[in-house]
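Student: The residues making up each chain are set out below.
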Amino acid sequence: NAGVTQTPKFRVLKTGQSMTLLCAQDMNHEYMYWYRQDPGMGLRLIHYSVGEGTTAKGEVPDGYNVSRLKKQNFLLGLESAAPSQTSVYFCASSPKRDTQYFGPGTRLTVL
Amino acid sequence: RKEVEQDPGPFNVPEGATVAFNCTYSNSASQSFFWYRQDCRKEPKLLMSVYSSGNEDGRFTAQLNRASQYISLLIRDSKLSDSATYLCVVNMGTSGSARQLTFGSGTQLTVLP
Chain A
9 NAGVTQTPKF RVLKTGQSMT LLCAQDMNHE YMYWYRQDPG MGLRLIHYSV
59 GEGTTAKGEV PDGYNVSRLK KQNFLLGLES AAPSQTSVYF CASSPKRDTQ
109 YFGPGTRLTV L
Chain B
22 RKEVEQDPGP FNVPEGATVA FNCTYSNSAS QSFFWYRQDC RKEPKLLMSV
72 YSSGNEDGRF TAQLNRASQY ISLLIRDSKL SDSATYLCVV NMGTSGSARQ
122 LTFGSGTQLT VLP
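Chains as they are written, first to last, in the working numbering: chain A, 9 to 119; chain B, 22 to 134.
Hints are not guaranteed to be accurate.
As the list claims (entries may be wrong) - DSSO-like mimics (lysine-lysine), calculated; alpha carbons at most 27 Å apart, straight line:
no.	chain 1	residue 1	chain 2	residue 2
1	A	K65	B	K100
2	A	K104	B	K100
3	B	K23	A	K79
4	B	K63	A	K17
5	A	K79	B	K66
6	B	K100	A	K17
For the record, the hints were derived by calculation from the structure and aren't laboratory data.
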């Protein structure tokens with residue numbers, strides 16, 4: 009099993025550009041999450057999903073959208089990137105328990 | 022006040038030392054507790070869950086004090102490979118059945134030869 013994978017691993021955007029980050033898991037987990045990690049701030053939840061076709065806002069959802077059309081995939085979209093969205097983005101998944109399994113992260117720089 | 026607070030460190034200790042980290046959380050209704058480990062430029066990985074009775078996994082011991090709302094992690098006989106950032110994580114159970122975790126900022130540990 010690959011576990012949780014994220015695409016791409018690195019990306020540089022210009023302000024105003026859009027992009028989609030893809031998260032895929034092969035563990036048949038119900039729950040999936042998108043976090044961002046910034047120095048000194050820990051992981052902050054952007055959006056999450058409790059099942060296929062459902063999404064909900066987390067702590068810092070502004071400027072992001074998500075979709076969960078298939079159980080194994082969770083997409084994070086930035087419609088108009090801003091320098092404040094420069095961060096490391098982690099996807100995670102979990103069964104109906106607490107333990108979350110993380111992907112390797114995407115390092116995004118917005119110029 | 023942060024919901025989950027940790028001493029950021031860094032803690033620099035010699036090999037073989039015993040080191041302890043503490044973490045406090047703000048929500049007394051919090052349901053479950055964990056320590057995650059994060060290596061430099063890598064993803065967080067579960068180190069251990071924290072149970073009310075305390076639990077041990079090899080050289081690692083975790084304790085929970087609900088009355089004082091703090092969690093601790095003790096590492097005995099430190100190894101070079103223990104160098105990492107340790108994240109205190111709490112499920113505050115604030116959103117229905119969703120398993121939302123709140124992460125501390127992490128405590129950085131460097132074990133020196």
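Student: Decide, hint by hint, whether the structure agrees.
Tutor: Quick rundown of the hints versus the structure:
Of the pairs offered as hints, the one joining K65/A and K100/B is violated, with about 40 Å between alpha carbons and a cut-off of 27 Å exceeded. A distance of roughly 34 Å separates the Cα atoms of K104/A and K100/B; the hinted pair therefore is violated under the 27 Å criterion. Our distance criterion of 27 Å between C-alpha atoms is broken by K23/B and K79/A, whose separation comes to about 33 Å. Pair hint K63/B plus K17/A holds up; C-alpha atoms about 11 Å apart against a cutoff of 27 Å.
This hinted pair checks out: K79/A and K66/B have alpha carbons roughly 22 Å apart, not beyond 27 Å. With a C-alpha separation of about 30 Å, the suggested pair K100/B and K17/A falls outside the 27 Å cut-off, and the hint is violated.
The structure fails to meet hints 1, 2, 3, 6 from the earlier list, while all remaining hints are met.
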